[in-house]
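*Asks:* In case you want the letters, here they are:
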Amino acid sequence: MSLMDTKPLLGRVEEVGGLVDLNAYEAGQGYEAARKALTSMSPEEIVSLVKDSNLRGRGGAGFPTGLKWSFVPQGDAAGEGAKYLVCNADEMEPGTFKDRFLLENNPHVLIEGMIIGAYAIQAEKAYIFLRGEYHQPYQRLVEALADATARGFLGGGIFGTDFNLDLRIHSSAGRYICGEETALLNALEGKRAQPRTKPPFPPASGAWGRPTIVNNVETFCNVPGIVRNGVEWYQGLGLTEDAGTKIYGISGRVNRPGLWELPIGTPIRELVERHAGGMREGFELKGILPGGASTDFLVEEHFDLAMDYGTIQAAGSRMGTGTMILMDNSVCPVDMSRNLQHFFAQESCGFCTPCREGLPWVEALLLDIEEGRGQEGDLEVLDRNAQFIGAPGNTFCLHATGAIEPLQSALKYFREDFEEHIRTGKCPYHRRHL
Amino acid sequence: MATINVDGQQYEVKEGQNLLHAVLSQQLNLPYFCWHPAMGSVGACRQCAIIQYADEDDERGRLGMACMTDVVDGMRISIAAPQAADFRESVIEWLMENHPHDCPVCEEGGECHLQDMTVMTGHSVRKYRGTKRTWENQNLGPFIGHEMNRCITCFRCVRYYRDYAGGTDLSAFGSRSRMYFGRSEDGPLESEFSGNLVEVCPTGVFTDKPFATHYTRKWDLQSAPSVCPGCAVGCNVFPSERYGVLKRVQNRYHGEVNGYFLCDRGRFGSHFINSDQRIRHAGIRAEDGVFEASGASNAIAEAVKLVTMDAVGIGSPRASFEANFALKKLVGEERFCTGLGDNEAMLIELALSIQREGGARTPSLTDVEAADAILILGEDVLNTAPRIALAVRQAVRAEAFTMAQEAGIPGWQDAGVRGHAQQALSPLFIASVATTRIDDVASATWGGAPQDIARVGAAIAHGIDPTYAAADVELSAAGIDFMHQVIAALGSAKRPLIVSGTGTGDPDVLRAAANVAWALKAKGSDPALLLSPLEANSYGVALLGGGLSMSDALDAMTGGSAAIVMENDLYRRGDAQRVSAACSESKMLVLDILENETAEHATVLLPASTYAECTGTYVNYETRAQRFYQVFEPDDEIRPAWRWISDIADALDSSGAGWANINVLIEECAKATHAALATISPPSDYRVEGGTRIPRQPHRYSGRTAMRAQISVHEPKATVDDETPFNYSMEGQNLGTQDGAAVPFVWSPGWNSNQSVFKFQQEVGGALLGGDPGALLVAPAPDSGDASRATKFQEVPDAFVATEAFLVVPVHAIFGSDELSNASWPIVERMPAPFALLNVADAKRLGVQAGAGISGPGLGASFEVLIDDRIPAGMVGVVHGLPGIRAIAAGRIDLSVDPDFIRRPGGHPDVIARG
Amino acid sequence: MSETELVHVLSGEEIAEIEAEIAHLPDRESAAIDALMIVQKHRGWVSDTSLHAIARLLGMSSDALDSIATFYNLIFRQPVGRHVAMVCDSVSCYVMGADGLGKAIQEYLGIAFGGTTDDDRFTLLPIVCLGACDKAPTMMIDDELIENVTAERLGEIFGRFE
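Note that the protein sequences, when read in sequence, are chains A, B and C. Per our numbering, the very first residue in the first sequence carries number 19; after that it's consecutive. Per our numbering, the very first residue in the second sequence carries number 8; after that it's consecutive. Per our numbering, the very first residue in the third sequence carries number 3; after that it's consecutive.
Quick caveat, the hints were computed from the structure, so don't treat them as lab data. Certain hints may be false.
[To be verified] DSBU-like cross-link-like pairs, simulated, lysine-lysine; straight-line CA separation at most 30 Å:
(1) A:444 <-> B:594
(2) B:312 <-> B:766
(3) C:43 <-> A:209
(4) B:766 <-> B:530
(5) B:134 <-> A:444
(6) B:594 <-> B:21
(7) A:304 <-> A:209
(8) B:799 <-> B:501
(9) A:444 <-> A:430
(10) C:137 <-> A:209
(11) A:54 <-> A:69
(12) A:69 <-> A:216
(13) A:216 <-> B:139
(14) A:216 <-> A:304
(15) B:799 <-> B:766
(16) A:430 <-> B:134
(17) C:43 <-> A:444
(18) B:799 <-> B:21
(19) C:137 <-> C:105
(20) C:105 <-> B:139
(21) C:43 <-> C:137
(22) C:105 <-> C:43
(23) C:43 <-> A:304
[Said to hold, decoys possible] So the derived list for chain A, only partly shown, Cβ under 7 Å to chain B, looks like this:
(24) 301
(25) 375
(26) 431
[Stated by the list, open to error] On the chain A side, residues computed to face chain B include the following (Cβ under 7 Å):
(27) 189
(28) 219
(29) 366
(30) 368
(31) 378
(32) 410
(33) 414
(34) 447
We put the beta carbon where it would ideally sit given N, CA and C, even for glycine.
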């Protein structure tokens with residue numbers, strides 16, 4: 019049994035000890051899945067396979083990937099014109115660094131996953147929508163695409179079939195909102211990255227008004243393994259009811275921050291203690307943002323929970339990107355909330371009122387409280403804003419909903435901290451600097 | 008129909024709408040900002056929150072935006088639920104974080120949708136402690152004021168300006184809580200429809216700049232239902248007055264004509280009413296040639312003398328139907344001339360005969376918007392009848408709506424439709440003399456001389472139905488390609504539309520347009536044919552008719568007949584030398600609004616009312632007769648032209664040949680001409696529910712006692728209006744329950760802004776509660792459904808051949824070609840210098856570049872050369888109707904360079920050179 | 003300037019690169035962001051003149067293009083220094099002391115965020131999460147990602163960029 023069987027995404031990176039180039043990738047069963055898919059499976063079979071595998075989107079929302087693909091009209095129903103497959107490599111969720119690692123170290127597993135995905139939905143145009151700041155991943159992708167093209171895995175008549183795929187990189191010009199899939203499509207079309215109305219959903223009407231699938235980098239990277247080893251193998255990888263592996267990451271004051279490909283459902287405490295080496299000396303773990311900045315805080319009572327979609331959701335948060343940010347006891351929850359809300363207010367696209375006007379108010383209030391200018395009633399204003407900004411459907415997209423998740427949970431779990439700031443007119447933490 | 012339950016009450020609403028549209032149509036109050044009835048929903052402001060319940064047992068419900076929710080039969084919602092009401096209040100609270108508290112000095116104050124919504128949601132206590140963001144404003148030209156600090160980021164301005172009106176120079180900049188709506192740099196807004204921003208903006212970011220220079224609160228304005236005099240479309244307007252000054256013009260909703268929007272000529276073109284050029288006193292020319300204010304009775308006495316000198320009467324396409332009728336009656340049919348120039352009169356007769364012939368529908372603007380393929384033949388509608396161009400811009404979106412429908416996206420979901428359909432446009436073909444400002448949405452364009460446009464039209468008709476002559480028409484390769492595209496597109500359309508008009512001056516263009524429409528009819532589709540004349544009452548005066556052509560009338564004058572010239576500058580109608588001869592040989596009674604070259608020759612001069620100072624009727628391009636009402640009483644000796652004529656008639660014949668008031672005149676007019684004239688608006692004894700009259704002034708009208716105190720401390724008695732159902736006061740009721748023609752302004756409790764218009768509509772975007780006003784005077788012939796029609800125009804003109812001499816063709820400017828609006832100061836600021844369009848090769852041949860001056864025999868002045876990409880070689884497009892520019896005869900002339908030409912200082916940048 | 007002259011504010015190389023992007027897209031306007039980024043790559047920032055030229059090249063209005071340009075934080079509509087230093091201020095780096103680091107960098111360069119040093123060497127900007135959170139705090143100078151930044155290392159780090 020090779021590492022590839024337990025770590026289909028990063029096992030080969032571990033074996034090679036760094037960048038898996040095309041030769042190294044092929045030596046580890048690389049592109050076998052794509053070849054198998056294109057030469058021996060129908061698009062419908064692949065969609066069913068992915069559906070059956072129970073692969074869920076790794077970008078944060080956890081939507082079942084196969085189901086998404088199945089919404090793409092096939093044949094005549096698709097009408098005239100291109101279909102598009104887009105990889106969301108706009109990794110910008112604070113605290114998230116898994117896609118960069120994948121892109122820098124194992125670009126071919128993404129390309130292979132995209133070839134299979136494109137074939138499954140019969141899209142002959144594909145884009146990797148890449149963060150503008152990701153220069154190293156860009157270089158690695160450019161090389162990998164050139165290598166794959168030279169080997170005939172991209173371009174015309176792949177694997178001797180009549181399937182063609184034009185896969186290109188779109189370098190983005192910034193803004194977190196581009197990670198929202200419809201905003202991403204607007205950016206891809208060269209427009210302002212405002213999210214779009216849904217419906218229509220991208221599988222029906224996406225890039226340039228045509229059927230489009232957008233998936234996260236890690237999601238695509240899961241696909242080759244599923245095609246190669248089958249549904250049973252894939253489901254067997256997970257520890258709980260979710261399937262496959264997950265790239266978990268930890269940042270904060272632990273001994274060994276980093277990321278690891280592990281069975282999905284690995285418990286939080288195991289991640290922190292075993293993989294990240296526990297908290298640094300002198301620091302205690304106080305709270306966790308389990309899946310990036312836009313997820314609710316989890317606290318001590320949750321640390322034995324399994325990191326999977328259902329369990330974390332039941333605990334009132336989201337697994338999100340699976341990369342956790344640890345808040346230790348030296349960090350002021352009020353100030354950390356301010357930092358988070360600064361991010362979200364700054365990154366609001368400005369289209370809808372609650373997000374555009376509500377988040378800056380929240381940020382300003384948190385700054386007031388942090389700097390000792392809090393007033394009685396401020397927490398009620400925060401609560402009211404959190405309630406009205408955060409409820410899904412109150413805003414145009416889920417940006418503000420995500421923004422409010424860490425705030426509402428901070429107000430719940432660390433309320434005494436907030437109250438103390440207002441009561442004493444100062445911050446008890448004294449460490450807003452190195 | 009669907010039944011929906013709103014707060015326990017059942018309502019029958021139309022399916023296929025969004026909930027906001029539906030509940031507003033039920034006259035319910037639900038706050039909103041970003042949604043607009045003509046622009047659909049985007050879900051940006053989040054103001055129209057409601058609670059939607061899953062079923063009968065659902066007690067919590069789910070908050071959603073009404074504008075983004077489909078109406079579903081049986082659905083249950085709540086507007087009043089506390090969660091929804093609280094959220095709506097929060098939205099206002101957010102918007103108010105940065106909105107300045109400058110309502111006292113804001114032009115929008117008192118008619119601000121944001122104010123209304125703030126009050127409606129109950130937000131009153133400010134909790135936000137931060138400082139407000141501030142912006143620098145831009146100079147957006149003479150029409151629109153800009154105050155960005157007031158912006159609430161609803162996106163309506165850019166959605167209107169870019170998406171709806173096709174403008175390119177207004178955008179949203181930046182992001183997050185620092186979004187800026189303006190131009191990339193200072194400069195006049197280029198769109199010819201920029202003024203609608205004033206009404207589209209829910210607060211005071213984009214304001215009416217001329218209005219701001221002599222500002223009055225809405226509640227202090229006196230208004231009446233009226234019709235724009237700016238062109239033949241006949242957009243319904245509310246002119247508003249205070250202190251005897253025309254303050255502003257706003258859109259008056261009409262479900263079939265202008266809907267929610269006006270063009271900038273209409274909105275900003277009425278300040279001629281306050282012009283220094285107004286004729287204000289009756290005058291008689293003294294021996295030394297100087298006019299002396301004579302007093303009305305002396306002038307009338309003098310006028311009577313002229314009338315008895317075998318006078319001819321020259322009416323006007325810019326005067327009301329009634330005034331023309333009165334003059335015609337005074338001088339008699341045989342001595343009456345409609346006031347149209349010979350060629351224009353011939354063109355209009357032709358256009359009317361085509362409309363009478365029937366076969367193709369005459370489309371309202373709503374019909375234009377519903378067309379699924381359009382051919383514009385010759386007419387530059389953006390400059391001659393601008394509002395049509397805005398309707399054409401909507402029509403080309405039919406394809407997008409079809410695509411959206413197929414994808415299950417409701418048509419009201421604006422962003423969804425646009426995102427899905429991308430740049431998809433329905434077919435629009437433009438054959439024109441020069442480039443037009445709607446070329447950007449055309450599938451194909453083609454340039455040619457008017458006669459070649461007629462030829463291409465003939466070939467298209469022939470291609471659709473070979474029984475139409477044109478088999479031998481030879482076209483250029485480009486022309487053939489264009490022709491084939493048009494034939495294919497029109498042939499497969501269900502509701503094709505052909506647009507043409509009198510603008511090129513060539514009757515064959517009109518004939519070709521008719522042929523195309525008739526050929527389509529014979530093929531079984533339902534074509535519409537729009538033939539637009541140039542002026543507000545062109546069709547009205549032509550329908551009235553007269554025994555003299557302009558040439559006849561000028562000849563009679565030259566032969567010594569006296570003349571009564573009513574609201575007409577003859578120098579704009581006929582050859583300058585002939586007009587000069589006529590004016591100098593004839594003793595003239597001139598009744599007019601503004602001083603002009605003809606008036607300078609008058610023997611007797613009488614000051615006539617503008618459209619805002621009298622009541623009357625214009626007949627638009629559809630032959631829709633529309634009544635406009637007197638808004639205010641003019642100062643000095645200004646009176647309606649018909650009233651002067653009535654007094655002259657009375658003086659001539661003591662048995663009462665005149666008319667006691669406009670009602671009497673309208674009745675006689677209706678009996679003698681078109682019965683509908685008596686029924687298009689309610690008579691003077693019309694009363695609304697409760698037996699009250701209708702006020703011209705809002706009930707908060709202030710200062711009635713004080714506003715004339717510097718003249719007399721005694722409050723004058725409000726003038727009794729025995730002519731109309733309106734009061735010159737705030738007494739009465741204006742609730743929208745009355746006849747649609749009798750709404751003097753829109754206001755409703757809680758709705759002080761123009762958004763209150765929905766309270767006056769049967770349903771949002773539908774007809775007014777009392778019905779949309781007006782009636783068509785020309786009904787299609789009864790056999791109009793018969794495909795085997797007798798009439799076909801079978802003569803095809805010869806091809807244009809370029810020669811040394813240039814063929815002069817008239818071109819038009821939205822700002823400048825209309826006689827009255829070109830004396831309105833904001834329009835003057837946007838008016839181009841007199842220009843002439845030349846092909847680049849011809850310019851080279853003449854050795855001139857853009858900006859140089861050229862002149863030629865008959866042009867009367869030097870014109871600035873503009874290079875046009877479309878105008879064919881051998882032609883010069885000469886702008887029509889600018890101040891100081893006399894009528895220019897068609898024909899070929901030699902052009903010469905004017906070495907002394909100086910480009911008019913302060914002329915406009917090239918981007919807006921043509922208005 | 004005429005239309006053609008305007009477009010030729012751009013270099014042949016820039017135009018060629020932009021046209022190459024357009025070739026892969028359904029319409030010219032779709033290349034708006036690519037075109038802005040290409041010109042910025044060559045010139046450091048996008049001036050009004052460049053903006054007008056790009057707009058003409060793409061067949062769109064300058065207003066529409068500027069609307070797009072001003073949305074994106076990586077498109078600079080004002081001149082920047084020879085090197086652009088971007089310091090992550092997002093949550094992982096915050097936890098690891100980014101606020102203090104930010105102050106130290108401002109002091110070190112003698113400019114505030116948004117500023118450019120007098121010698122035009124550095125423009126300093128905040129940036130959102132750079133995706134290297136396990137090596138926080140992080141920053142980026144031009145194309146180079148710099149990890150585990152400390153106040154002590156600033157001389158060494160900035161010294162490498164002339």
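*Asks:* All the hints need checking, so say for each whether the structure fits it.
*Replies:* Going down the list of hints, with the structure as the test:
1. A:444 <-> B:594: Status violated; Cα separation ~93 Å.
2. B:312 <-> B:766: violated (54 Å)
3. C:43 <-> A:209: holds (19 Å)
4. B:766 <-> B:530: violated (43 Å)
5. B:134 <-> A:444: holds (21 Å)
6. B:594 <-> B:21: Cα-Cα ~64 Å, so violated.
7. A:304 <-> A:209: violated (42 Å)
8. B:799 <-> B:501: With a Cα-Cα distance of about 22 Å, the restraint between residue 799 (chain B) and residue 501 (chain B) holds, given a limit of 30 Å.
9. A:444 <-> A:430: holds (20 Å)
10. C:137 <-> A:209: Measuring from Cα to Cα gives roughly 34 Å; hence the hint is violated.
11. A:54 <-> A:69: Since the Cα atoms of residue 54 (chain A) and residue 69 (chain A) sit roughly 18 Å apart, the hinted pair holds (cutoff 30 Å).
12. A:69 <-> A:216: holds (23 Å)
13. A:216 <-> B:139: violated (33 Å)
14. A:216 <-> A:304: Not OK: residue 216 (chain A) and residue 304 (chain A) at ~38 Å, beyond 30 Å, violated.
15. B:799 <-> B:766: The hint is violated at about 47 Å.
16. A:430 <-> B:134: holds (22 Å)
17. C:43 <-> A:444: violated (46 Å)
18. B:799 <-> B:21: Given that 30 Å is the threshold and the Cα spacing comes to 43 Å, the pair is violated.
19. C:137 <-> C:105: holds (19 Å)
20. C:105 <-> B:139: holds (26 Å)
21. C:43 <-> C:137: holds (28 Å)
22. C:105 <-> C:43: This hinted pair holds, its Cα atoms lying about 29 Å apart.
23. C:43 <-> A:304: Not satisfied, since the Cα-Cα distance of roughly 44 Å exceeds 30 Å.
24. 301: Status violated, d = 34 Å.
25. 375: holds (4 Å)
26. 431: violated (24 Å)
27. 189: Result: violated, 19 Å to nearest chain B Cβ.
28. 219: It is violated, given that the least Cβ distance between residue 219 (chain A) and chain B is near 10 Å, above 7 Å.
29. 366: It holds, given that the least Cβ distance between residue 366 (chain A) and chain B is near 4 Å, below 7 Å.
30. 368: holds (4 Å)
31. 378: At about 5 Å, which falls below the 7 Å cut-off, the nearest Cβ of chain B leaves the hint on residue 378 (chain A) intact, so it holds.
32. 410: violated (9 Å)
33. 414: Constraint on residue 414 (chain A) satisfied, holds at 5 Å.
34. 447: violated (23 Å)
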